[in-house]
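Novice: One-letter residues, chain by chain:
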Amino acid sequence: GQSLEQPSEVTAVEGAIVQINCTYQTSGFYGLSWYQQHDGGAPTFLSYNALDGLEETGRFSSFLSRSDSYGYLLLQELQMKDSASYFCAVRNNAGNMLTFGGGTRLMVKP
Amino acid sequence: NAGVTQTPKFQVLKTGQSMTLQCAQDMNHNSMYWYRQDPGMGLRLIYYSASEGTTDKGEVPNGYNVSRLNKREFSLRLESAAPSQTSVYFCASTGQGNGYTFGSGTRLTVV
Chain E
522 GQSLEQPSEV TAVEGAIVQI NCTYQTSGFY GLSWYQQHDG GAPTFLSYNA LDGLEETGRF
582 SSFLSRSDSY GYLLLQELQM KDSASYFCAV RNNAGNMLTF GGGTRLMVKP
Chain G
1435 NAGVTQTPKF QVLKTGQSMT LQCAQDMNHN SMYWYRQDPG MGLRLIYYSA SEGTTDKGEV
1495 PNGYNVSRLN KREFSLRLES AAPSQTSVYF CASTGQGNGY TFGSGTRLTV V
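As they're listed, the protein sequences go chains E and G.
Using the working numbering, the final residue of the first sequence is 631, and nothing's skipped along the way.
Using the working numbering, the final residue of the second sequence is 1545, and nothing's skipped along the way.
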């Protein structure tokens, strides 16, 4: 089976940097994705890492270490609108199926 | 582009009633998915369709059925609703890229 672990809550101040970690156990691995979900909204795609290393998209970066079964999402220059839940998800077969973690609720304070 | 459209947005059912949740995408995506999300939790896969004409069970398929009507539409049916099926249901689709596009969700309450 698959399991993903991420912290349930993280709090940070506006303008700061925050890192949300994700460790996974899976029978097969194709890549790690990150999604953002605001309260009452739908998840939206942020990033996908298939290879080791850092992928940067604006203020958000995502990192993957396949040997450590570990990844993280890095949010820089935090803004109030970044307050949301963030989910890591493992793609574990060629069929593009995703298994999601339980989510990390990020609260950004002024 | 509308993306992924789900109907209805809200629904209240009595135990034992049946209903079908509709999902349609206009992005020409091959793969479509149904997930449920319970309060404070991640998304769990109910059923998926890797391509038109195929459907497969996900992590929590019991109590549900699906139909991939054509490439655009993927419906989820609850034959006899139970209170344990109270949840938010999300439909999603993906094409050649690596990200899912989600619909806005259906908030279902079974009383």
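Calculated from the structure, these hints are not laboratory results.
The beta-carbon is built from N, C-alpha and C at its ideal position, and this holds for glycine as well.
Take these hints with a grain of salt, some might be off.
A few chain G positions that, by computed beta-carbon distances, are all more than 10 Å from chain E [stated by the list, open to error]:
1) A1436
2) S1452
3) S1465
4) G1533
Which bits of chain G does chain E cover? Going by a derived footprint, with three or more residues having C-beta under 8 Å, they are [stated by the list, open to error]:
5) 1470-1478
6) 1534-1540
Novice: A separate judgement is required for each hint: does it hold in the structure or not?
Specialist: Hint by hint, here is what the structure shows:
1. A1436: Correct as stated: the minimum Cβ-Cβ distance to chain E is 13 Å, above 10 Å.
2. S1452: It holds; S1452 (chain G) is separated from chain E by about 25 Å at its closest Cβ, greater than 10 Å.
3. S1465: Violated, because the least Cβ-Cβ distance between S1465 (chain G) and chain E comes to about 5 Å, which does not exceed 10 Å.
4. G1533: Given that some Cβ of chain E is not farther than 10 Å from that of G1533 (chain G), nearest at about 3 Å, it is violated.
5. 1470-1478: Check passed, 5 qualifying residues.
6. 1534-1540: holds (count 6)
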